[in-house]
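Given these sequences and hints, build the entire structure.
Protein chains in written order, with the numbering used here: chain A, 1 to 143; chain B, 1 to 267.
Treat each hint with caution, since some may be false.
What the hints assert, rightly or not - Not close to chain B: a few residues of chain A, all C-beta gaps over 12 Å, as computed:
1) S79
2) M82
3) D122
Claimed, not checked - If you anchor each label on the Cβ, the simulated ranges turn out as follows:
4) K71/A <-> N238/B: 38 to 46 Å
5) P140/A <-> G257/B: 54 to 62 Å
6) T46/A <-> S154/B: 50 to 58 Å
7) T240/B <-> A95/A: 28 to 36 Å
8) D156/B <-> T47/A: 46 to 54 Å
9) Q214/B <-> T134/A: 43 to 51 Å
Said to hold, decoys possible - Chain A regions said to be covered by chain B (calculated; three or more residues, Cβ under 8 Å):
10) 66–78
11) 110–116
Calculated from the structure, these hints are not laboratory results.
Owing to the predicted nature of the structure, the values given are computational and were not obtained by experimental measurement.
We put the CB at the ideal spot given by N, CA and C, even for glycine.
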Amino acid sequence: MSRSTRWVGLGAFLIAAAGWPLPAGAHHSFAMFDHTRTLTLKGTVTTFRWANPHATLELDVPDPHGSEPVKHYTLELTSINMMQRNGWRSNMIKAGDMVKATIAPLLSGEPAGLLLDVTLPDGTKLEPGVPAITTFKRTPEPE
Amino acid sequence: MKSSSAWRAAAIGAALAAIVAAAAPLRARAQRGAAPEAKPAAAVPDISGSWERYGGFGRGARANDPTIPPPNPPPPLKGEYLKEWQARVQAARDADAKGTPLASNATYCLPEGMPAMMGATFPIEFLQSRVQVTIIEEAFTQVRRILLDRPQKSFDEVEPSFYGRSVGHWEGDTLVADTIGIKEDIRFQNAPHSKQLRLMERIHLVSPDVMWDQLTMEDPVTLEKPWTVTFAYRRMPNYTLLEYVCEDNREYADDKGFQRTRIGSGK
Numbered sequence: 001m002s003r004s005t006r007w008v009g010l011g012a013f014l015i016a017a018a019g020w021p022l023p024a025g026a027h028h029s030f031a032m033f034d035h036t037r038t039l040t041l042k043g044t045v046t047t048f049r050w051a052n053p054h055a056t057l058e059l060d061v062p063d064p065h066g067s068e069p070v071k072h073y074t075l076e077l078t079s080i081n082m083m084q085r086n087g088w089r090s091n092m093i094k095a096g097d098m099v100k101a102t103i104a105p106l107l108s109g110e111p112a113g114l115l116l117d118v119t120l121p122d123g124t125k126l127e128p129g130v131p132a133i134t135t136f137k138r139t140p141e142p143e
Numbered sequence: 001m002k003s004s005s006a007w008r009a010a011a012i013g014a015a016l017a018a019i020v021a022a023a024a025p026l027r028a029r030a031q032r033g034a035a036p037e038a039k040p041a042a043a044v045p046d047i048s049g050s051w052e053r054y055g056g057f058g059r060g061a062r063a064n065d066p067t068i069p070p071p072n073p074p075p076p077l078k079g080e081y082l083k084e085w086q087a088r089v090q091a092a093r094d095a096d097a098k099g100t101p102l103a104s105n106a107t108y109c110l111p112e113g114m115p116a117m118m119g120a121t122f123p124i125e126f127l128q129s130r131v132q133v134t135i136i137e138e139a140f141t142q143v144r145r146i147l148l149d150r151p152q153k154s155f156d157e158v159e160p161s162f163y164g165r166s167v168g169h170w171e172g173d174t175l176v177a178d179t180i181g182i183k184e185d186i187r188f189q190n191a192p193h194s195k196q197l198r199l200m201e202r203i204h205l206v207s208p209d210v211m212w213d214q215l216t217m218e219d220p221v222t223l224e225k226p227w228t229v230t231f232a233y234r235r236m237p238n239y240t241l242l243e244y245v246c247e248d249n250r251e252y253a254d255d256k257g258f259q260r261t262r263i264g265s266g267k
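In structure tokens, the structure reads:
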């Protein structure tokens with residue numbers, strides 16, 4: 001993690017922890033994502049969109065038990081500027097890749113969420129540098 | 001139709017005005033140079049290049065480091081404005097707690113404007129020239145220009161904008177800037193301000209690689225007293241700012257003013 005990202009993350013956490021009003025206007029709130037649980041999704045990438053204000057990753061996720069139809073998820077990442085400073089490149093994920101994603105789901109129940117980390121086909125695990133990531137409680141991955 | 005003598009008077013007047021305007025910066029410099037100071041004026045430092053926000057986000061982080069500024073105080077708002085601000089902050093906090101954040105300028109991918117852009121959420125670049133200091137913040141590609149050795153206009157002459165109109169001059173090693181004309185809906189930490197908001201900045205190095213912007217907000221309508229905040233930056237010698245275009249904004253406000261997210265790949 002780059003120094004700048006660490007400071008942004010630490011700053012956001014400290015601001016949140018101190019109950020200080022968040023900077024109005026800088027970047028949108030992450031309050032619409034569930035901070036109490038995570039989902040682990042294993043699926044096929046349909047789109048990896050390298051654009052601001054956030055990159056997006058879209059996945060087709062089959063039901064592990066085979067009883068439900070494939071579910072399509074839209075995942076929000078951070079700004080591609082933060083990701084690039086963290087070492088990400090636009091060609092790291094391609095349509096058709098099988099990936100494992102840890103997400104904080106959208107509270108509305110829609111099939112969408114905030115990507116906390118993604119594991120690529122070769123085993124590389126990438127984090128988009130979500131600010132205040134420690135405020136997202138992780139659910140253990142199902143066996 | 002004007003008489004020839006009136007034309008002549010107008011022409012002489014215009015010529016004199018041009019000479020006075022051209023001489024003003026020289027006079028200002030001469031006056032500053034002539035001040036009976038004990039120590040010689042420090043040289044203008046080289047602040048060009050990329051910088052990142054440093055230290056100032058938290059409270060008490062590395063408290064013993066003198067290059068880390070003190071925590072920024074809350075806005076010293078007058079009674080009715082203080083109530084409005086507290087209500088707004090509480091409403092945002094309540095909405096966040098319910099998982100339905102209030103829409104803000106960020107929802108629409110609007111830039112922060114002044115003075116929030118100086119908070120440098122993303123890296124910030126300073127470019128010095130003889131006549132202007134240009135500041136670029138990477139997020140939203142925000143740009144402001146500090147015109148050097150030029151007079152400030154009156155509040156009525158400056159149209160409201162995100163970054164306002166900045167003029168400045170070097171006082172030894174310190175860049176002193178004066179900014180007016182910030183749109184009333186461009187708020188710093190949600191604090192309300194009037195058309196008479198004035199930002200006074202003192203930008204200077206506190207060590208070879210750490211720079212402070214001590215920024216004082218003055219507003220006779222909303223503030224009890226001047227409100228000073230300090231942003232610290234450290235050099236990023238090998239960093240070139242990246243572009244930032246809000247190309248795929250998926251956030252929007254619903255009819256109740258809550259922020260929503262568009263999902264799926266539909267354009």
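To see whether the hints hold, each was checked on the structure:
1. Some Cβ of chain B comes within 12 Å of the Cβ of S79/A; the nearest lies about 7 Å off, and the non-interface call is violated.
2. Under the 12 Å C-beta cut-off, the non-interface status given to M82/A relative to chain B is violated; the minimum distance is some 8 Å.
3. No beta-carbon of chain B comes within 12 Å of the beta-carbon of D122/A; the shortest separation is about 26 Å.
4. Between K71/A and N238/B, the C-beta spacing of about 43 Å keeps the proposed range 38 to 46 Å intact.
5. Taken as a hint, the range 54 to 62 Å is violated for the pair P140/A and G257/B, whose Cβ atoms sit roughly 37 Å apart.
6. The given range of 50 to 58 Å is respected by T46/A and S154/B, whose C-beta atoms sit roughly 57 Å from each other.
7. Between T240/B and A95/A the C-beta distance comes to about 30 Å, which sits within the given range of 28 to 36 Å.
8. D156/B and T47/A have their C-beta atoms about 51 Å apart, which keeps the hinted 46 to 54 Å range intact.
9. For Q214/B paired with T134/A, a C-beta distance near 32 Å fails the hint of 43 to 51 Å.
10. Given as covered by chain B, the region 66–78 of chain A passes the check, having 3 residues with a CB less than 8 Å from a CB of that chain where 3 are the minimum.
11. Taking a C-beta to C-beta cut-off of 8 Å, the region 110–116 of chain A contributes 3 residues in contact with chain B, enough for the three needed, and the coverage statement holds.
Comparing the model with each numbered hint stated earlier shows that hints 1, 2, 5, 9 do not hold.
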